Each structure stands twice: as structure tokens, then as C-alpha cells.
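Peer 1: In case you want the letters, here they are:
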Amino acid sequence: VFHFRGLHRSLETILLFSQQYWPAAGVRSHHELKTAYNKHLATIQPGFTTTQLPRVEMVTDEDLAEKLAHLYEDEDDENLLTEEMLRKAKEKHDGPEIAFQRKLLEDTLIALRTGNPRLGALFDLAINRLFFFPFEAAAGGSHSRCIGVIWANPDRSWTLPDAMEFCIHELTHNLFFLEEMVNPLYRDFLALQAPENFAISAIRRSPRRLDLVVHSLFVGIEILLARSRWLGQPATSVLHPSSSKLAQDCRATLRSIQAIPDWQSLFLPNGLALLEEATQVLESAGMS
Amino acid sequence: MHDEAGNLHDEKLENRPAADVENLLDADIETVAAGLNKPQRDQAAQNQAGQLRSGGMQSRLVLLRPNS
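Heads up: the sequence lines are chains A and B, in that order. Here this note's numbering is used: the first residue of the first sequence is 1, the next is one more, and so on. Here this note's numbering is used: the first residue of the second sequence is 1001, the next is one more, and so on.
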């Protein structure tokens, strides 16, 4: 969202989301907005998902990490993450490995703040807690149940650019959760659950529920734009394919959405506008 | 910014104090907040209340798996 729609649109979303807790005189600083944002988050999700710090907090406390991990429990067929699986993962807790993960993500945030200071500042505003948990099924993730929280599970094959792409990837999911709250994309959430309305994910390249597919499309575009504008093209990448392949996959995703019968009827105007913007970005020079 | 091994190289990559970053967006935040009008804010508040009521936002788990 930062690269796709710009910093101001990203801030607008966070401001609208937090407006109930703005100071009477209005919001004039990162500190005031972060305070309002966290006050509001604490009313819709557990308070331990937020932080008192003005920037992202690395969680290495085992008990707190476990509490955060339990918020990711999900019985969704594609993302099966059960209490039993979390319990087994906890038994694998490995202090030195967690220390490695924390150091990598600390270095990553320094690189983000330095390489793209406004993006780094937006990350520190929108993300409260980053936690580590040795669940092997994924490299990390986000959940709409705990906006502002990122689970990270990097392994030793990750380079610093991989970890930077990971942070951009997860920040995009979180900003998109907020966008969906203040300016929804879909007419009827139940209709999205019908398999005939599934499309192909740009990241996993398999059929998924439409809202998750739209997330994947904008994550893919964010990675493409970040690489082309400032991050550079990686020689190898653990998490995302080469830019030419990722651009192809994003276009395939758009086509698969447009192949759903009467696809426009599933979206509200904001959803249609975002897809139109995505089409334009993917057709622009440098995205082939 | 990357060498052949994919490592990031940039002489600016020093440890920027977090406090610098925290003030960086102040002017942008003030500008954007001042530009939000009442109908826009009311619509966003109404949308958000609807999303929270419907529970549609309670079920989005997005896991990242390494590139295959």
C-alpha cells in the first residue's frame, strides 16, 4: 500500500481507523497517532497485541509469544493452525535460534529505516509487536484478529533483503486489514466463501478465497514496486520469485479474478477502484 | 543495492536512531489529518462499525510460505 498508493493514503487509512481517539485539537504527530491507534486497537482485540513503545517491539518472552501465537489459531482448511500444532511447536523452542531471528529482524528494521526512512516510520507506526515462534509450517504471517502484530519465523537461509521483503509483505497485509475496515472492498463476505468465486493467489499460485487472493495481489505489487524503486532486484530470493515471474503471477491473478462469473458484482466501488489501479500498475513500464 | 549473493550493501546503512524516524512523519500526519472532511470521517466510522458487527474481519489468516 505504501508503494502502491503512497504514504499519504496509508496514513489516511490509519487516521480514519483511529479517529475515535484523536486528541481534541486533532492529530499532529506520530506519537499522537500511535496513541490513538493503539487505544482503538485495544478495544477490538486483546490489549497485549499493542505496545507502549513508539516503535515496533520485538517479543522474545516465551509466554507472551505463546499468547500471541494462539491468536493465529485458525481451522481454515488452507491455513490449519490448531492448538495442538502450537503446543508441539512450543516444545521446539530454541533460545539460540530465537536470538538469531531477533537479530535478523532488528538488522532488517535498521535497514528499512535507513534505506527508506518514510517506510520505516510507517512500519513503526502500524506495527506494534513482532514475535517469534517455531511453527514450521510457514515463514511467518499476519491475522486480522491481531492487527499490528507480525509473526516471524525466518530460517538461516534468509538474507537481509529477504527479511526486508518479509517486513514489506506483512506490513502490506496489516495496512490492508485497516483499509478493509474503513473502506470495505466486498459487497457480501459470505459470497466470497463460495468456491466458484475463488481465484488464483499471486503468491501461492493456487485457488483461494477472493479476499485472500486480493491480499496476495497487492502484496505482490508492493514487492515489485519496492524492488524497482529502491530495494533493488535480488540475485536470489527465498520468499518471493524473481520480479518477472512475480509480475506474471500478479497478472494471472488479475485475469483469474476477472474470469469469475459476474466478478464486478462481488466488489464495492473501492474494491473495483483498487483492481483498476492494480491493472494500471502492472501494465506500466518496468513491470514486464 | 545487492551483491551477487543477495546481500544488501549501502554506505548509508548505519544505525539510524529510532527517535529520528518517529518524528519523520509528523508533518505528513498533520497534513493528512487536516485534509479529512466530516463526510469522509463519518463514512469510515460507519463502515468500520459495520465490519466489526458482521465479523467479516475475524477470519483472515495470511501465512507466508517460502517461495517454491
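One or more of the hints may lead you astray.
Claimed, not checked - Only part of the chain A face toward chain B is listed, based on derived beta-carbon distances under 8 Å:
1. F4
2. L7
3. L11
4. A24
5. V27
6. Y72
7. E136
8. N183
9. P207
10. D211
11. L239
12. I260
Said to hold, decoys possible - Which bits of chain A does chain B cover? Going by a derived footprint, with three or more residues having C-beta under 8 Å, they are:
13. 29–39
14. 44–52
15. 90–104
16. 142–156
17. 273–280
In case anyone wonders, no lab produced these hints; they're calculated from the structure. This one's a predicted model, so the numbers in the text were calculated from it and none came from an experiment. All C-beta atoms, glycine included, are put in the ideal place defined by N, C-alpha and C.
Peer 1: Does A24 of chain A pass the interface check with chain B, least Cβ-Cβ distance below 8 Å?
Peer 2: The hint is violated - A24 of chain A has no Cβ within 8 Å of chain B, the shortest such distance being about 13 Å.
Peer 1: Minimum Cβ distance from L239 of chain A to chain B below 8 Å?
Peer 2: holds (6 Å)
Peer 1: Examine the region 44–52 of chain A: at least three residues should have C-beta closer than 8 Å to a C-beta of chain B.
Peer 2: Per the Cβ count (1), the hint is violated.
Peer 1: Quick check: do three or more residues in the region 273–280 of chain A have a beta carbon closer than 8 Å to a beta carbon of chain B?
Peer 2: Contact hint for the region 273–280 of chain A vs chain B: violated, 0 residues under 8 Å.
Peer 1: Given a cut of 8 Å on the nearest C-beta pair, is the interface hint for P207 of chain A held or broken against chain B?
Peer 2: For P207 of chain A, the interface hint is violated, since the closest Cβ of chain B sits about 15 Å away, which is over 8 Å.
Peer 1: Let's test the interface hint: is any C-beta of chain B closer than 8 Å to that of N183 of chain A?
Peer 2: With a closest approach of 6 Å, the N183 of chain A hint holds.
Peer 1: With a cut-off of 8 Å, does the beta carbon of L7 of chain A approach a beta carbon of chain B closely enough for the hint to hold?
Peer 2: Constraint on L7 of chain A satisfied, holds at 6 Å.
Peer 1: Grab the minimum C-beta distance from L11 of chain A to chain B and call the hint holds if it beats 8 Å, violated otherwise.
Peer 2: holds (5 Å)
Peer 1: Does the closest beta carbon of chain B sit nearer than 8 Å to the beta carbon of D211 of chain A?
Peer 2: holds (7 Å)
Peer 1: Using C-beta distances, would you say chain B covers the region 142–156 of chain A, given that this needs three or more residues below 8 Å?
Peer 2: It holds: at least three residues are needed, and the region 142–156 of chain A offers 4 whose Cβ sits within less than 8 Å of chain B.
Peer 1: Return the status of the interface hint for Y72 of chain A: holds when the least beta-carbon distance to chain B is below 8 Å, violated otherwise.
Peer 2: Given a least distance of 6 Å, the restraint on Y72 of chain A holds.
Peer 1: Do three or more residues from the region 29–39 of chain A put their C-beta atoms closer than 8 Å to C-beta atoms of chain B?
Peer 2: Coverage by chain B holds for the region 29–39 of chain A (5 residues, Cβ < 8 Å).
In this structure, the hints that do not hold are numbers 1, 4, 7, 9, 12, 14, 15 and 17, in rising order.
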